[in-house]
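Enquirer: Sequence:
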Amino acid sequence: MNKILVPVDFSELSEYALQVAATLAKRHNAEIVVLHMIGLSEAEFSKDELQEYAEASYYMGLAKKRFDIFLNRPWLKDIKISKTVQNYKIFSEIDKVAKENGVNLIVMGSQGTGRRDTIFLGSNTEKVVRTSDIPVLVLKKRIKDFRLQKMVLGFDFETKSLQAYHKVLSFCALVQANLHLVYVNLPGMKYMSSHQMKSKVDTFFGLAYLGRNDSPPKPTYTCDYSVEKGIYNHAYEIGADAITVITNGRSGLAHILKGCIGQDIANRADLPVVTFKV
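Position 198 of the sequence shown, counted from 1, bears residue number 198 in the numbering used here, the numbering being contiguous throughout.
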């Protein structure tokens with residue numbers, strides 16, 4: 001991994017994200033690109049608004065100065081850091097900045113509901129997740145000594161998911177993480193016997209590993225009342241570092257990012273989430 005992008009608004013949440021990025025950067029000898037968006041555009045100002053535009057330019061310069069204070073952290077020592085300030089607040093632009101800088105991973109926080117003094121509300125984080133072709137690591141709290149070694153992926157083992165699976169595999173190899181696959185068997189019409197599940201998985205692996213030298217991980221089969229519950233329960237059982245989520249860029253992820261996955265486990269749904277758009 002060469003570069004990690006961290007969008008910041010100088011809040012506590014962005015500090016959490018930056019600290020996790022620093023841990024990963026040290027482990028992989030990577031550079032951190034910190035991005036601040038101030039929501040300004042020259043097109044928004046007419047000739048009669050020169051004073052307002054001058055003030056906007058002032059705030060642009062002020063943001064750059066705030067970087068010096070915000071980045072003055074002992075845990076950032078010996079890490080290469082690039083700073084960029086953009087005069088827009090369109091969250092899809094984060095993917096553009098990431099691609100321009102050759103970034104491998106975006107790290108950001110998600111507040112969910114409650115506070116309104118940060119850009120990292122669940123809805124804003126979701127906009128990044130939906131538009132980013134680059135994996136996004138989403139955090140909900142401070143994590144000390146973060147490690148990305150165990151990643152849990154709740155998977156359907158459908159052949160249409162081959163591209164997504166290979167994308168996750170490539171990322172795991174990049175960050176040297178172990179992928180733990182879990183198939184959640186649901187009650188009702190979708191329920192499958194042990195033989196049916198194994199047959200489905202074997203068919204998928206036969207295609208996914210055709211011509212490859214590596215072997216597939218051994219999947220875990222679990223029964224639960226929803227896919228979300230099954231994934232979270234398994235993740236906590238094995239002490240996972242993060243949960244992996246695949247999105248097509250259209251489906252909402254609010255139930256994952258905000259933890260609204262059932263009252264019985266909502267209070268525990270605070271594991272980091274790594275998202276992949278396909």
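Take the hints with a grain of salt, since some may be wrong.
Unchecked claim - For lysine-lysine, the following DSS-like pairs were computed, each having C-alpha atoms within a straight-line distance of at most 25 Å:
| # | residue 1 | residue 2 |
| --- | --- | --- |
| 1 | Lys218 | Lys3 |
| 2 | Lys80 | Lys26 |
| 3 | Lys83 | Lys167 |
| 4 | Lys77 | Lys127 |
| 5 | Lys127 | Lys99 |
| 6 | Lys127 | Lys229 |
| 7 | Lys150 | Lys277 |
| 8 | Lys150 | Lys198 |
| 9 | Lys65 | Lys77 |
| 10 | Lys96 | Lys218 |
| 11 | Lys3 | Lys64 |
| 12 | Lys150 | Lys167 |
| 13 | Lys3 | Lys127 |
| 14 | Lys65 | Lys80 |
| 15 | Lys277 | Lys99 |
| 16 | Lys80 | Lys96 |
| 17 | Lys229 | Lys277 |
| 18 | Lys80 | Lys200 |
| 19 | Lys96 | Lys144 |
| 20 | Lys167 | Lys96 |
| 21 | Lys96 | Lys3 |
| 22 | Lys99 | Lys64 |
| 23 | Lys96 | Lys83 |
| 24 | Lys167 | Lys200 |
| 25 | Lys167 | Lys99 |
| 26 | Lys218 | Lys160 |
| 27 | Lys99 | Lys83 |
| 28 | Lys99 | Lys3 |
| 29 | Lys127 | Lys83 |
| 30 | Lys3 | Lys141 |
| 31 | Lys150 | Lys26 |
| 32 | Lys141 | Lys200 |
| 33 | Lys127 | Lys26 |
Calculated from the structure, these hints are not laboratory results.
Enquirer: Compare the structure with each hint and give your call.
Expert: Hints, one by one, checked against the model:
no. : hint            : result
1   : Lys218 / Lys3   : 31 Å, violated
2   : Lys80 / Lys26   : 10 Å, holds
3   : Lys83 / Lys167  : 28 Å, violated
4   : Lys77 / Lys127  : 32 Å, violated
5   : Lys127 / Lys99  : 17 Å, holds
6   : Lys127 / Lys229 : 24 Å, holds
7   : Lys150 / Lys277 : 20 Å, holds
8   : Lys150 / Lys198 : 23 Å, holds
9   : Lys65 / Lys77   : 19 Å, holds
10  : Lys96 / Lys218  : 36 Å, violated
11  : Lys3 / Lys64    : 21 Å, holds
12  : Lys150 / Lys167 : 16 Å, holds
13  : Lys3 / Lys127   : 21 Å, holds
14  : Lys65 / Lys80   : 18 Å, holds
15  : Lys277 / Lys99  : 14 Å, holds
16  : Lys80 / Lys96   : 21 Å, holds
17  : Lys229 / Lys277 : 22 Å, holds
18  : Lys80 / Lys200  : 46 Å, violated
19  : Lys96 / Lys144  : 30 Å, violated
20  : Lys167 / Lys96  : 19 Å, holds
21  : Lys96 / Lys3    : 14 Å, holds
22  : Lys99 / Lys64   : 22 Å, holds
23  : Lys96 / Lys83   : 15 Å, holds
24  : Lys167 / Lys200 : 20 Å, holds
25  : Lys167 / Lys99  : 16 Å, holds
26  : Lys218 / Lys160 : 20 Å, holds
27  : Lys99 / Lys83   : 15 Å, holds
28  : Lys99 / Lys3    : 10 Å, holds
29  : Lys127 / Lys83  : 22 Å, holds
30  : Lys3 / Lys141   : 22 Å, holds
31  : Lys150 / Lys26  : 18 Å, holds
32  : Lys141 / Lys200 : 37 Å, violated
33  : Lys127 / Lys26  : 28 Å, violated
Checked against the numbered hints above, the structure violates hints 1, 3, 4, 10, 18, 19, 32 and 33; every other hint is satisfied.
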